[in-house]
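K.L.:
Residues per chain are reported as follows:
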Amino acid sequence: MWKKVFDWLDERLGLNDIYKNLLDRPEPKGNWWNTLGSASLFLFILQGVTGIFLTVYYTPSPDHAYDSIQYIMEGVAYGWLIRGIHHWGASLMVIIVFIHLLRVFVTASYKYPREMTWLIGVGLLLATLGMGFTGYLLPWNQRAYWATTVGTQIAGAVPFMGDFILKALRGGPDLSALTLQRFFAAHIWILPAALTGLVGVHLYLIIKHGESHFPTRED
Amino acid sequence: MSEVSRRDFIKVTTGIVGGIIGAAIGLPAVYYLIDPALRAGAKEAWIPIGKLENMEIGKPYPFSFTRVQVNGWERTSTSRGGFVVRNSEDPDDLFVLNSTCTHLACTVNWSENDQVFLCPCHDAKFSPQGEVLSGPPPRPLDRFTEFRITDEGALEIFYKEG
Ligand code: HEM
Ligand code: FES
Numbered sequence: 001m002w003k004k005v006f007d008w009l010d011e012r013l014g015l016n017d018i019y020k021n022l023l024d025r026p027e028p029k030g031n032w033w034n035t036l037g038s039a040s041l042f043l044f045i046l047q048g049v050t051g052i053f054l055t056v057y058y059t060p061s062p063d064h065a066y067d068s069i070q071y072i073m074e075g076v077a078y079g080w081l082i083r084g085i086h087h088w089g090a091s092l093m094v095i096i097v098f099i100h101l102l103r104v105f106v107t108a109s110y111k112y113p114r115e116m117t118w119l120i121g122v123g124l125l126l127a128t129l130g131m132g133f134t135g136y137l138l139p140w141n142q143r144a145y146w147a148t149t150v151g152t153q154i155a156g157a158v159p160f161m162g163d164f165i166l167k168a169l170r171g172g173p174d175l176s177a178l179t180l181q182r183f184f185a186a187h188i189w190i191l192p193a194a195l196t197g198l199v200g201v202h203l204y205l206i207i208k209h210g211e212s213h214f215p216t217r218e219d
Numbered sequence: 001m002s003e004v005s006r007r008d009f010i011k012v013t014t015g016i017v018g019g020i021i022g023a024a025i026g027l028p029a030v031y032y033l034i035d036p037a038l039r040a041g042a043k044e045a046w047i048p049i050g051k052l053e054n055m056e057i058g059k060p061y062p063f064s065f066t067r068v069q070v071n072g073w074e075r076t077s078t079s080r081g082g083f084v085v086r087n088s089e090d091p092d093d094l095f096v097l098n099s100t101c102t103h104l105a106c107t108v109n110w111s112e113n114d115q116v117f118l119c120p121c122h123d124a125k126f127s128p129q130g131e132v133l134s135g136p137p138p139r140p141l142d143r144f145t146e147f148r149i150t151d152e153g154a155l156e157i158f159y160k161e162g
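In order, the protein sequence lines correspond to chains E and U.
Using our numbering, you'd call the opening residue of the first sequence number 1 and step up by one each time.
Using our numbering, you'd call the opening residue of the second sequence number 1 and step up by one each time.
Among the hints, a few may not be true.
Here are the simulated BS3-like pairs of lysine-lysine, each with C-alpha atoms no more than 27 Å apart in a straight line [to be verified]:
(1) E:Lys3 to U:Lys11
(2) E:Lys20 to U:Lys11
(3) E:Lys29 to U:Lys11
Restraint ranges, calculated between C-beta atoms of paired labels, are given here [stated by the list, open to error]:
(4) E:Glu74 to U:Ser5: 49 to 55 Å
(5) U:Ser5 to E:Gly123: 41 to 47 Å
(6) E:Glu27 to U:Glu3: 25 to 31 Å
(7) U:Thr13 to E:Ala185: 40 to 46 Å
(8) E:Arg12 to U:Ile21: 27 to 33 Å
Some chain E residues flagged as far from chain U (calculated, every beta-carbon gap over 12 Å) [unchecked claim]:
(9) Trp2
(10) Glu11
(11) Glu27
(12) Ala39
(13) His87
(14) Ile95
(15) Phe98
(16) Pro113
(17) Tyr145
(18) Gly156
(19) Gly171
(20) Pro173
(21) Ala177
(22) Trp189
(23) Pro215
(24) Thr216
In case anyone wonders, no lab produced these hints; they're calculated from the structure.
Quick caveat: nothing in here was measured; it's all calculated off a predicted structure.
From the three backbone atoms N, C-alpha and C, an ideal C-beta is built for every residue, glycine too.
Next comes chain E alone, as it looks inside the complex (with noise of 0.2 Å):
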């Protein structure tokens, strides 16, 4: 009966032909170093899934954001592991992906044929970095608020733009309800849809090119 159904699906969805291209490819002996770029992802994953149940009760707003964080930890039931995860998961990943970098780079692994890969890699830390930065403002206690004064000003050293960049960044010259609006926007949607759609090409070309071999005495 469910050989039935499958075959049906299979026969229009190429079910088999998928698993046999993404799942079943063939790798280099295993190595637990490989497995940091799906750890990565699975992070990433995670924090989504966390972070859409974050926006439940979370609103951007300085009148309410504080107070919302606050009635998730003590006021909605299991929010304190919900709002834990998303907070101890944002800075695994920062680490997790940075390792993976790290092994890339011992491994060599960001020569021909992938560099494109190695350049997308960078993109998705530098995304990862951003997601941590705008995210810290969200709570809108103190330290966020400090932090994201701190962080704007040094980006608004740069010469000649910095101005610019600056008020870009804060939606005016200083922090207020449109900074915390532009980051929770950035922290939700515009960094997260970078993020997918740039796995999305890293994974295609992993899975174009094969991973690569351990170098060797020889190499």
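Since the structure of chain E is already known, use the hints to place chain U with the ligands on it.
P.N.:
Here is chain U with the ligands on its own, set in the frame of chain E:
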């Protein structure tokens, strides 16, 4: 006992561990989402209206009170009000009308000249008993049916939200 292949063993353990992790994350997630629905119980209270001796017999006595509701991180206060109408000297011989119009929830006022309740929004008229005399309201004014008189001679009504 038949041999279990390494591959099958991995499949089964992955399935079991995955299921446990799924439940450990999925159940809290469901509770997180439906939490407000589990909490919002109807709030109720006895609201003091005033001394009975201050309420003239036969003349609607207006009152109002404010309820504060906490919804998550936000509080809303809503004003409610009504009229006490005493029929006779008997302390229990009275009824309490709700001044919220049964049409679209404007607040009705007592007109001493015309001896009717007037709704300013769509010109409805209610009799001193709360019956609809004219206008769009679909039913008479609501009543606070539960009330009590304290030992000090003050009238209190029972208010239930929702
Ligand atoms: C893709 C979807 C994501 C959504 C929808 C999302 C949504 C949110 C929301 C609503 C908040 C505010 C609540 C809070 O501050 O705890 C938040 C906070 C935060 N997010 Fe995300 N997020 C996502 C992904 C990420 C990623 C990939 C990172 C990582 C590097 C990240 C890092 C942070 C940080 C550092 C905070 C501040 C946490 C805190 O101080 O409590 N987020 N996110
Ligand atoms: S609300 Fe009272 S008549 Fe329409």
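K.L.:
Run every hint past the structure and note whether it holds.
P.N.:
Evaluated hints:
1. E:Lys3 to U:Lys11: This hinted pair holds, its Cα atoms lying about 19 Å apart.
2. E:Lys20 to U:Lys11: holds, 18 Å
3. E:Lys29 to U:Lys11: holds, 21 Å
4. E:Glu74 to U:Ser5: 49 to 55 Å: holds, 50 Å
5. U:Ser5 to E:Gly123: 41 to 47 Å: Holds, at about 43 Å.
6. E:Glu27 to U:Glu3: 25 to 31 Å: holds, 27 Å
7. U:Thr13 to E:Ala185: 40 to 46 Å: Given about 43 Å between the Cβ atoms, the range holds.
8. E:Arg12 to U:Ile21: 27 to 33 Å: Given about 32 Å between the Cβ atoms, the range holds.
9. Trp2: At roughly 16 Å from the nearest Cβ of chain U, Trp2 of chain E sits farther out than 12 Å, so the non-interface label holds.
10. Glu11: It holds; Glu11 of chain E is separated from chain U by about 25 Å at its closest Cβ, greater than 12 Å.
11. Glu27: Non-interface label on Glu27 of chain E holds, nearest chain U Cβ at 16 Å vs cutoff 12 Å.
12. Ala39: holds, 15 Å
13. His87: holds, 15 Å
14. Ile95: holds, 21 Å
15. Phe98: Consistent with the label, Phe98 of chain E stays out of reach of chain U, its closest Cβ about 26 Å off (over 12 Å).
16. Pro113: Its Cβ never comes within 12 Å of chain U, the nearest being 33 Å, so this holds.
17. Tyr145: holds, 18 Å
18. Gly156: holds, 32 Å
19. Gly171: Holds: least Cβ distance 24 Å, greater than 12 Å.
20. Pro173: The claim holds: Pro173 of chain E sits with its nearest Cβ about 29 Å from chain U, beyond 12 Å.
21. Ala177: With a cut-off of 12 Å, Ala177 of chain E remains clear of chain U, as the shortest Cβ separation is near 16 Å.
22. Trp189: Answer for Trp189 of chain E: holds, closest chain U Cβ roughly 21 Å.
23. Pro215: Given that every Cβ of chain U is farther than 12 Å from that of Pro215 of chain E, nearest at about 30 Å, it holds.
24. Thr216: Its Cβ never comes within 12 Å of chain U, the nearest being 29 Å, so this holds.
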